[in-house]
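Please take these sequences and the hints and turn them into a complete structure.
4 protein chains.
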Amino acid sequence: MSSSYGKNIRVTIFGQSHSPAIGVTIDGLPAGFTIDQAGLRAFLLRRAPGRGEHTTSRREPDEPEFISGLVGETTCGSPVTAIIRNTDARPSDYDTIADIPRPSHADYSAYMKYGESRDARGGGAFSGRMTAPLCVAGGICLQLLKNDGLRIAAHILQIGGVRDRPFDRDDFSEKDFDALAEAEFPVLDADAGIRMLSAIKEARRAGDSLGGIVECVATGVPAGIGDPPFDGMENRLASIIFGIPAVKGVEFGNGFAAAGLRGSENNDAFVIRDGAVRTRTNRHGGILGGVSSGMPLMIRAAFKPTPSISIEQDSVSLSRMEEARLTIPGRHDPCVVPRAVPCVEAAAAIAICDALTEHKSHV
Amino acid sequence: MSSSYGKNIRVTIFGQSHSPAIGVTIDGLPAGFTIDQAGLRAFLLRRAPGRGEHTTSRREPDEPEFISGLVGETTCGSPVTAIIRNTDARPSDYDTIADIPRPSHADYSAYMKYGESRDARGGGAFSGRMTAPLCVAGGICLQLLKNDGLRIAAHILQIGGVRDRPFDRDDFSEKDFDALAEAEFPVLDADAGIRMLSAIKEARRAGDSLGGIVECVATGVPAGIGDPPFDGMENRLASIIFGIPAVKGVEFGNGFAAAGLRGSENNDAFVIRDGAVRTRTNRHGGILGGVSSGMPLMIRAAFKPTPSISIEQDSVSLSRMEEARLTIPGRHDPCVVPRAVPCVEAAAAIAICDALTEHKSHV
Amino acid sequence: MSSSYGKNIRVTIFGQSHSPAIGVTIDGLPAGFTIDQAGLRAFLLRRAPGRGEHTTSRREPDEPEFISGLVGETTCGSPVTAIIRNTDARPSDYDTIADIPRPSHADYSAYMKYGESRDARGGGAFSGRMTAPLCVAGGICLQLLKNDGLRIAAHILQIGGVRDRPFDRDDFSEKDFDALAEAEFPVLDADAGIRMLSAIKEARRAGDSLGGIVECVATGVPAGIGDPPFDGMENRLASIIFGIPAVKGVEFGNGFAAAGLRGSENNDAFVIRDGAVRTRTNRHGGILGGVSSGMPLMIRAAFKPTPSISIEQDSVSLSRMEEARLTIPGRHDPCVVPRAVPCVEAAAAIAICDALTEHKSHV
Amino acid sequence: MSSSYGKNIRVTIFGQSHSPAIGVTIDGLPAGFTIDQAGLRAFLLRRAPGRGEHTTSRREPDEPEFISGLVGETTCGSPVTAIIRNTDARPSDYDTIADIPRPSHADYSAYMKYGESRDARGGGAFSGRMTAPLCVAGGICLQLLKNDGLRIAAHILQIGGVRDRPFDRDDFSEKDFDALAEAEFPVLDADAGIRMLSAIKEARRAGDSLGGIVECVATGVPAGIGDPPFDGMENRLASIIFGIPAVKGVEFGNGFAAAGLRGSENNDAFVIRDGAVRTRTNRHGGILGGVSSGMPLMIRAAFKPTPSISIEQDSVSLSRMEEARLTIPGRHDPCVVPRAVPCVEAAAAIAICDALTEHKSHV
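In the order they appear, the protein sequences are chains L, E, V and R.
First residue of the first sequence: 0, per numbering that gives the first Met the number 0; consecutive thereafter.
First residue of the second sequence: 0, per numbering that gives the first Met the number 0; consecutive thereafter.
First residue of the third sequence: 0, per numbering that gives the first Met the number 0; consecutive thereafter.
First residue of the fourth sequence: 0, per numbering that gives the first Met the number 0; consecutive thereafter.
For the record, the hints were derived by calculation from the structure and aren't laboratory data.
Predicted, not measured: the structure shown is a model, and the values here were computed from it.
Warning: the hint list may mix true and false statements.
Just a sample of chain V residues kept apart from chain R, beta carbon distances all over 12 Å, derived [as the list claims (entries may be wrong)]:
(1) G71
(2) D177
(3) D190
Simulated pairs of lysine-lysine, DSS-like, Cα-Cα distance not exceeding 30 Å [as the list claims (entries may be wrong)]:
(4) L/K6 - L/K359
(5) V/K359 - V/K145
(6) L/K174 - L/K145
(7) E/K6 - R/K6
(8) R/K6 - R/K359
(9) L/K6 - R/K359
(10) L/K145 - R/K6
(11) L/K359 - V/K6
(12) L/K359 - R/K145
(13) V/K359 - V/K6
(14) V/K6 - E/K359
Heads up, the beta-carbon is just placed ideally off N, CA and C, and yes, glycines get one too.
Put into structure tokens, the structure is as follows:
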């Protein structure tokens, strides 16, 4: 695998769904930063399963134990490592899939990559559970960025056929960020949220699942960060966001919609606001030529519907090399999108923190 | 900047629109590979400006001179470097934009990153011209991959409001690939192509520009390549494709459309075909859990409309810190999408070549 | 810090002398490799403190707990993480040095790097204790290499003024390797070993310490591995060996002695032996132009004397910025060289394993 | 090959002895730095062949042409690429060695790595000529560092049996650095220099060659740079210095001599001088625990004698797989050490510049 991300802030994820523990090492954090552990736990809780009717019933405390890099709660300059024990594993649930890969899961491709030795239990290292250590790292980066005046928030833009109001402003306030961070179901339009929850409930009843889109904004990002052509802000953000299981598309600003527009409809005029250069609109999503423009970064990530559905599906038996029917046993989310919201924030925070750290080295 | 991409195949791009030359160094190519220079030139010609009415009239031969890494036409194991002289530069065209940044270009963000010292001539290193060395590297990788039975093709899926037929099969033949590579205007539906050309002509007349989408397929990719979570095939491909100027979105398989689907609609059943495991549909775009499944990779990249338009626009004077009107002088494409087609192929080829090389190291 | 080493085999070390745990993540190991845990424990025991009179009396079990990457004892392709709990820490021993840096330790430079937040307890991440996770990773690599027919051994070439016989052959047998691995005090000349032990005992009595040299050989390394100019075998090996605390010099083959020789005295004639190209002598230490020649690799690492001595020394008070006398309290080795022997083997194994893995990717 | 070095300052070398050109790309230089081209040429002249009786008679102007990254003479933030044309190549000189590898050259290991396709002409990419682009990059870094108050100088410490006086102070002045930089034969003790020149002349007459040691000092390096365990100053410096052909050993401070000392003899007491913490002696060579201490860095690199000698030697015919006698035709240095002096300075400058840039990112 390739479990490390970043250059000046370097995050290494390890663990599998049913290994003794999962965890993360973060190298490059500045010394002397005191982690707000309560704040971090609150952030992790947003990703944790079992919060509502719309998620799996597996419950794990997801309490990270920091085993290195801190003196008390403060970073000392050494790599910070946190581990989370896997306590609620029930590997027997996963016996069948070792032979009959679940459609659209990584079971088959993992088998082709690692052979019989792969960890088939619960998806191994391909499990959504691996977003927990990502969120530990991202949660710390969010705190670091906040100290520098950068804020990141995300909401559910779409689930199935229901769409929330998109972010449409460039003057996000602290209050907006806090509200989203505290929301049990983070949407901008409460009514859309209710309809999303209905859709999820309906999909669960049908033994089916739903995809969706998470939209993320980062404010306070200074103009000039990002290192094109290959470590521009878009490359960096996409590179880590595609590390979240189930993401199949990433776009910035107008994104795919820009393909259908004219230059005169997609360009953002420069204006002077309060003595500073800004753009009148933010169709570029805060990134021009891979470099931040000083406007809020606008990021969207598309999640496919959870491939684990209760409906019987066509698959194959790898041992017998013949077609087979599969009914996936066990618990699973009908829709991962609500829990993916903090994951996208975490991923964005890590990417921005890394870019910002590199930026400082050249100033 | 961050001008290198890849791990086992490492590509480093250098140059600016108006520097004496631009070029690329490719480290990690196997020794003993003979470059088909005529084939490479033909490939580069697909990206070259001035091929049709729909592109800028700037004409450069784009003849790469190989200054290292070859003995005759054959790689010797040392890094291969090719340079392309910039002969047709007219820097005087770009005097204004040093002070008044062009909306939605990198002029302003480059200024914020590099200050007065940035190369403002022709967009400097942010110029679309930098895709020429990318295509040199990609063109070589395409030849290498072809030797291993991998083929890559791309077409214009959309320009403005006109849409081509999408790739919809998993049995692409040599003929299909050759046809697309030879097409002057690569679309699957000739009629859509004609309407796209009309749309471009119309946009040019209006002094405006158009965005679009390039769709790319890679066949023959063995199952099991890609290194999740952070160097999975999606991360790798997105990471390099976002290095092509004007790309604002990247998706795989069903991509953003998957967000609106149910699992039962988006999952790909496994089947046995000719004694091998395949999927009945390819909504996953050949990538599951970041690892190739053996099905064709399906990649789409969204390009924003060329920000250079003839219509007068609002901007600011950086020296006077006041708002200013800007009419962009000089030549520019009303639509870069046709020329972007080989760029996406090149980027995909480099990413796949790198992943495949790493894969070999673990077998 | 920069706690990761390697490209295709990537080792990340974490922890401090007195953090809850120390550990290592190894990414890139092939799937399906069964770790010989008993063999690994035996290897780690060679590095462990408290084995003889010549070492510190601190005793830690150094039992690695594998928390990820294995199914049973077998690698599954996910990164392998092992942690070792710090149980025998007595931070109070280290109160003084937080203010008065120990001469020739990293106390002062760590303070200048990380400020007041550094972990001053027991040297923090600069502690020799951090070689334990290095040896976990190296011990696994040694097992992997042995499977491929590569063997690595090391001995104490020098301690203080006493010198062992150097390696002088190119036909090391299994027996030689096993004998060195099992020796309590690994030297080639038993008599030199006895005199070294006397010298250590004498230094301990004097409250002083001794430096030394470890010599390491690697056989079975195929010709052609190593990636010059910057990842040649010498760069790779030096790069990791300088990661072992107290190493101040690294040389290959004749090393520094070559500086005093003529070409006719230092060149190695090529000969044919058993149908294969070999060199008659091995003054080049198995590496030519950064690439392995097929002859055994010959590596020497110089260790400075343990800076912790009981003799009172001159230092400064950082808080008062005035000169101060320091008597270092607590336990410490008079000579780390015996325990450094497996560390050099481990470092060499990791470097060679990484180079070999990269090599495979280009074949 | 692995032709790139560094993280925040990234240097990529390309070319072979007889390719059309050789060159270097430097990514990460700050924008707005004006290269002193005359100063750079003067620096390159110190490495150039043909300066005295003690070097080869091959003469090349080694004039770098900057093809990217500059506007005028000033960096613009894009990667800086300079190429040097190979004009004085006489490949016919090297016909024999394609079949009969020169003892202790890279001919054989390159053949085993790259096979028949390797570039056998003049040693290909293994040629000492590749230090020219290294010196271009290093020469620029030296200028950058000088702006920050860091100076680097080196001298010939030893050639064959003759030894210069070592650096022994910590108060190097501008004058000392300038004197060494301007010296035709850089030694501290002029008399030793005369004896070295005699030794070289004598070796040439005998058709033989000589090795030696270059000693390098860097002053003004702030305390706290370097990223242990794997990117500490020693790792970084060794990693690049071993990229200079013929280097077989690298040591810092007392280096290998420390192995024979006691702690009380090798430790450096901390003292207060002019209100700052210093060490009374500098046996640690300015690096403690991989991190700079604020004292001058002291680096020594051992060079083996030039393997090209006129004396007939034993080798093998690769095509016939039988032993063969070889007389190496053509020109060659009897001693590369004088020309290696600026190469070591260049390598050190690049490593320090990279470490310093990374350091800034964490302040």
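ask   = For which of the previously enumerated hints does the structure constitute a violation, in increasing order of number?
value = none
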